Amino acid sequence: MVVAITSTLPVLEMQQVLKTREHAGSRFRLSIPELTVYAGEFVAVVGESGCGKSTLLDLLALISKPSSVQCYRMTFTENEQRDVAGLWSSNDENALAAIRRQHLGYVLQTGGLLPYLNVRDNLLLPVRMNRLPDGRRRVQEMAQRMGVADCLHRLPDSLSGGQRQRVAILRALSHSPRLVLADEPTAAVDKRRARLIVEDFRALARDQGLSIIMVTHDLDLVRSVADSTYGFEVTQVSDNDIQSVCCKELS
Amino acid sequence: MSVSGSQRIRVFGLAAAHLRHEWVLTLCLVSALAAVLAPLLILMGLKEGTIETLRDRLVQDPVFREVRPAITRTFDQQWLDQLRDNSGVAFLTPTILPASSVIHLSADNASGELMDLVPTAGGDPLLLENGGVIPGPDECVLSSEAARRLGVKQGDQIDARVTRSRAGRIEAVETPLHIAAVLTPRAGGLARIYTPLDFVVDVEAYKEGRGVATRGWKGESARPYMSFDGILVFSQTPLDPVTRTGLVVNTGLLKAESITADGFAALTGMPWPDGWHAYDLSVPTGSVTSSSVEALKRKLRGRNALLMPYARGMSLQLPDGEMGLTGLSLSNEQASRLGWAAPPWGDLSATALESSRLFQMLLPGDAGESNRELSVGFNGVVGFNLPLRVVGQSHSSQALVPAELLGMLRTARERAVSYQQEDGGLVLERAGYRGFRLYARSIDDVPALVERLRGEGLEVVAEVDAIQRIQVLDRGLTQLFWLIAVLGVFGAGAVLVASLYAAVERERKDLGVLRLIGLARTDVFWFPVFQGALIAILGVGIGWLGYVLLAEVINRVFGGELSPGQAICRLPPSYPWLALLATLVLAVISSLMAAWKATLIEPAEAIREE
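First to last, the protein sequences are chains A and B.
Throughout the first sequence, residue numbering follows my numbering, covering 1081 to 1331 in sequence.
Throughout the second sequence, residue numbering follows my numbering, covering 154 to 763 in sequence.
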């Protein structure tokens, strides 16, 4: 299924977004001068732990409120453009939840599958939440492609780490989101499997026109496949004040 | 593009899946709830069942709904009507004096028996609930004992004989009665005959010497007695205060005052009799009866005094206008002593006069000249007209009638008096009844009715103790139930609060993930609420099952002596739903803390927790 995006508008557009987190007297500031993702792009965000990767992901996943923002917009189709900055300033949590539900997919580092639903129901959950038609067949096809079709009836606890991760990826994709966020999706699998997953993401982005933002600490893994890569410049301003700037790295 | 409505169904599915996944914990919670509910239901069932069985025994017998006065008193129609309008009263019939209600019954010319005659009317539970019907005119219903003694059965005919002794002669009338029904022994062991109230009242009238025209029973009519507002006493010697005081002692009078010529003229319209002293003897509130007149006459014997009873506030309504009214009955000799013209009807008589003598009058001036009959009304006493014959001229400025007529008319202020032409005069209507038979709508209405009647100073007889004992037991058991229920509710509530709260704590990460993939705060709020509701439904289901099984055992083991349809432990059909509703409310309230906790979960924190 190839979706042609005729618009030239970026799926995600961030300008001068700042997030300050204070905890026990220490302060962490993440600033994103500019971050733009177009349809079909595979964007890698690379950094060591503590540089603000998770903070960036939370901002992107609409579960963390930016401290200040100049522009933060998401465009899913020509007619559906969302001013995320405006929604946060009016604290419209239901609208933000609706965007997460309909247009975003999220692959958690640890899978994040619901232990009390079997694999099929886990995969169908986003489909059902969006009341999409034909969910069972789509899930069956996707599972086949990812090689997990024979564990659809099993509970997540009984899966291997690799299987669980693939199911997690599938769940992030099952409702055909426009933007997929992946938080270290390869952390739990071996190098070979990790490369395959990245290749898969790359192909999905290209074929289906989705945009993928993958956060990883392994630059080697994504260097050759990412359309663009973002990194962090971390500055220790004082003992208790760390500033991190997320910038696009020139390839 | 709000799809929040559908998310609630999704949350419900997830909550249910989670309960199923953690089925051991769920089973424990459901069992805890059922273990609280089942004993409560059993306790409630025992209360309902025993009270119902006890009440059934009372409800089935109308005796427990009967209220009757313990003393004989006069109850006027208005009072009885008011009592009958009371919402707790199902049936009421007036009764007569027990002594007047004995009647001689015989079948097939056998010797017969004296039996108690009891009035009845439509809706009488004593008859209807003991195998009887309401008797029509010339019909009767017999108690089982009465039927046994007379040797009769339903459909037979008996003769009722009413006897009286009048002027030294025994008189009797007989009437046939058709037996409409014979009551079951439960209605009472006494020999009794039930007939419509009309018949009973007619029997009473006959026994008291009166006639009943509609039945062809001969006798007197009830004439109104005489009553006055006061008596004027004329004396040729002045009466000193001591003598005057002596006149009011033991005569039923209270005041004795001299009267002025002006006062006399205003009261009677008569000229002052020269050489006489006049005194006004009266009772300020109340009536002067003819016995007072007689007593006064005796006291004044030898003084050559004359008496003139009077009534105030009455006037005559003639075809051509209103006129003052004075009653005057004097013999020729008395009249000449006073210097007045004697009235043609003569001296005051102690008994009621013949109608031909009674309905006469004298009119002042020219109006009194012609001998003719006029239909006149009486302002201030009765609403009907009387035909009075004008027999001459009055030398008063007012119309003169016999003092007896004046006295009888004044009685209409106290009692109902009517004019019956065929009966030849004024008739005193029935004053009221000497008792009543009342049945309350339900046994629960009896205590309130008894209390009301006792509050009015009327001692009554009712099976109120049996009813109140059950009500006290009912209240006590209800209070006990609520005490235990409150304990149970606290326990079950605490268990639910703790369990649902702990579930939210355990589910923090999963709830965070759900928020991440698109549920709003308001959606996850429902997760514990739905879990609480599901546990409640399952708990009520199992609790009810436990109750049904246990109740069956209890009823089988202990219910041996009960009649069919009764049970020791039984709940009304609405109770499963009430139990479900109450438990749902409890569960939902208990889940609110967990629900509030769920809304506070920040997905950014929760999803990274291990």
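Because the hints were derived from the structure by calculation, they are not lab data.
Note that the structure is a prediction, hence the values are computed from the model and not measured.
Quick reminder that beta carbons are idealized off the backbone N, C-alpha and C, glycines included.
Keep in mind that a hint or two might mislead.
Stated by the list, open to error - A short, non-exhaustive set of chain B residues, derived as facing chain A with CB atoms under 8 Å:
no.	residue
1	Gly275
2	Ser468
3	Pro517
4	Ala520
5	Ala638
6	Val639
7	Arg661
8	Asp663
9	Val666
10	Gly671
11	Leu672
12	Thr752
13	Arg761
Practice problem: Taking the numbered hints from earlier one at a time, note which ones the structure violates and give those numbers from smallest to largest. | Solution: 1, 2, 3, 4, 5, 6, 7, 12
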